[in-house]
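Turn these sequences into a full structure, and let the hints guide you.
Chains as they are written, first to last, in the working numbering: chain A, 1 to 115; chain B, 1 to 116.
Keep in mind the hints are simulated off the structure, nothing from the lab.
For glycine and all other residues, C-beta sits at the position ideal for the given N, C-alpha and C.
Please note that the accuracy of each hint is not assured.
Now the in silico label distances, taken between C-beta atoms and shown as ranges [what the hints assert, rightly or not]: (1) E61(B) x G40(A): 24 to 32 Å; (2) N53(A) x P9(B): 21 to 29 Å; (3) T5(B) x T20(A): 42 to 50 Å; (4) F64(B) x S22(A): 49 to 57 Å; (5) G85(B) x Q41(A): 21 to 29 Å.
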Amino acid sequence: DGGITQSPKYLFRKEGQNVTLSCEQNLNHDAMYWYRQDPGQGLRLIYYSQIVNDFQKGDIAEGYSVSREKKESFPLTVTSAQKNPTAFYLCASSIRASGSSYEQYFGPGTRLTVT
Amino acid sequence: AQTVTQSQPEMSVQEAETVTLSCTYDTSESDYYLFWYKQPPSRQMILVIRQEAYKQQNATENRFSVNFQKAAKSFSLKISDSQLGDAAMYFCAYRSGYTGGFKTIFGAGTRLFVKA
Chain A
1 DGGITQSPKY LFRKEGQNVT LSCEQNLNHD AMYWYRQDPG QGLRLIYYSQ IVNDFQKGDI
61 AEGYSVSREK KESFPLTVTS AQKNPTAFYL CASSIRASGS SYEQYFGPGT RLTVT
Chain B
1 AQTVTQSQPE MSVQEAETVT LSCTYDTSES DYYLFWYKQP PSRQMILVIR QEAYKQQNAT
61 ENRFSVNFQK AAKSFSLKIS DSQLGDAAMY FCAYRSGYTG GFKTIFGAGT RLFVKA
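Here it is, written out as structure tokens:
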């Protein structure tokens with residue numbers, strides 16, 4: 001079955017530690033995205049990538065980093081510089097990034113709790 | 001910058017009844033796409049319906065339909081014959097139709113409760 005996997009589903013870390021969230025897709029999509037979801041707010045874009053070895057900052061990139069070494073994978077690192085990292089993180093992909101009606105497909109999400 | 005507003009944080013509907021979720025957006029563009037996504041308790045986001053701005057006809061997907069009013073910049077979702085499985089968060093979203101329009105902008109969401 002084609003889809004997006006995110007692991008782990010729940011993640012706990014101590015303050016000051018970096019943590020990497022995994023996102024893998026087998027849909028052969030060019031574009032991948034990371035969103036953060038907080039209660040009472042919609043999804044906010046952290047980073048996106050239109051093609052391998054290229055990525056751009058979204059609206060709330062501070063304290064986060066990404067890589068796109070393979071088309072299938074787009075891991076997100078939450079660094080110790082992120083002031084409020086506890087949140088639900090969603091990874092998504094789409095056939096192309098720009099100017100299309102193609103919807104985004106989402107992974108099941110990772111709930112990160114930092115104490 | 002484009003914005004998406006969902007003015008109803010919560011809505012409630014009786015099973016088998018009809019409910020309409022509101023969404024307004026602000027843009028100066030003429031080419032764009034609008035979406036409704038559903039996020040059930042599992043938190044898996046699922047596309048419900050999409051609308052291309054250049055199409056005058058309102059999109060329909062089984063029990064789900066939209067009322068797209070381009071001039072008013074309104075994009076409401078109507079759910080007919082509501083079912084218990086429709087209970088979820090619903091997000092309205094906007095995406096530019098121009099090259100470089102990579103970003104999908106989401107509203108804050110409306111939580112729908114379905115009463116048996």
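Hint check results:
| no. | hint | verdict |
| --- | --- | --- |
| 1 | E61(B) x G40(A): 24 to 32 Å | holds (28 Å) |
| 2 | N53(A) x P9(B): 21 to 29 Å | violated (41 Å) |
| 3 | T5(B) x T20(A): 42 to 50 Å | violated (34 Å) |
| 4 | F64(B) x S22(A): 49 to 57 Å | violated (32 Å) |
| 5 | G85(B) x Q41(A): 21 to 29 Å | holds (25 Å) |
Hint check: violations occur at hints 2, 3, 4; the rest are consistent with the structure.
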